[in-house]
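> Okay, here's what each chain looks like letter by letter:
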Amino acid sequence: QKEVEQDPGPLSVPEGAIVSLNCTYSNSAFQYFMWYRQYSRKGPELLMYTYSSGNKEDGRFTAQVDKSSKYISLFIRDSQPSDSATYLCAMSAERGYSTLTFGKGTMLLVSP
Amino acid sequence: NAGVTQTPKFRVLKTGQSMTLLCAQDMNHEYMYWYRQDPGMGLRLIHYSVGEGTTAKGEVPDGYNVSRLKKQNFLLGLESAAPSQTSVYFCASTQTLAGGIGPYNEQFFGPGTRLTVL
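Protein chains in written order, with the numbering used here: chain A, 1 to 112; chain B, 1 to 118.
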């Protein structure tokens with residue numbers, strides 16, 4: 001079993017839809033959780049991060065962590081064509097980490 | 001600041017040839033990483049460095065060597081390229097935590113190098 005599982009998609013939605021992207025993980029030591037966004041032919045860039053369980057909101061984006069279920073989610077409200085990208089979850093066990101464990105990424109396509 | 005830059009952007013090699021990919025960062029970051037990204041496989045860590053003069057193996061180190069002679073540069077070498085090394089290579093860097101400020105340090109990625117081995 002991979003440490004981090006993420007559905008590769010593609011996930012196709014119309015503009016304005018609410019999008020839910022998810023990752024499951026097996027390592028109960030993970031406590032730092034991140035979402036990176038990667039546009040086509042570009043490097044990933046950090047979108048959001050959360051520590052331990054709970055929610056974090058930033059504009060149209062909400063990150064949720066459920067450590068009891070080993071499940072993290074990224075919600076995008078009022079999705080826009082500019083949100084079309086691959087979204088990678090990443091996680092780490094330690095604050096002074098040296099490496100991250102990435103999911104494979106989910107490709108999101110938002111049509112006008 | 002240029003951030004993280006990678007040289008070259010594209011390269012085509014023949015099997016058995018060697019090459020070096022250069023990563024440079026101007027953010028005075030301690031940690032640097034080399035990843036490869038393949039369809040359906042996600043980002044996989046090849047090697048990383050936690051400071052000048054240090055290197056460590058990641059998930060897929062075979063066939064690659066690295067050097068961190070200067071803090072701002074991290075080199076990835078392929079001694080004898082194989083078709084299985086056809087991939088997009090990303091370099092990233094991050095600062096160490098200092099003084100307990102903040103729970104997390106972002107990894108900053110370069111634009112990638114597209115390598116094809118024939």
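Be aware that a few hints might be false.
Taking lysine-lysine pairs in the PhoX-like style, the calculated list, with each CA pair at most 25 Å apart, reads [as the list claims (entries may be wrong)]: (1) Lys9(B) x Lys42(A); (2) Lys56(A) x Lys67(A); (3) Lys56(A) x Lys70(A); (4) Lys71(B) x Lys9(B); (5) Lys2(A) x Lys57(B); (6) Lys71(B) x Lys57(B).
No lab work stands behind these hints: they were computed from the structure.
> A separate judgement is required for each hint: does it hold in the structure or not?
Structure-based check of all given hints:
| no. | hint | result |
| --- | --- | --- |
| 1 | Lys9(B) x Lys42(A) | holds, 11 Å |
| 2 | Lys56(A) x Lys67(A) | holds, 14 Å |
| 3 | Lys56(A) x Lys70(A) | holds, 17 Å |
| 4 | Lys71(B) x Lys9(B) | holds, 22 Å |
| 5 | Lys2(A) x Lys57(B) | holds, 19 Å |
| 6 | Lys71(B) x Lys57(B) | holds, 18 Å |
The structure meets every hint from the earlier list without exception.
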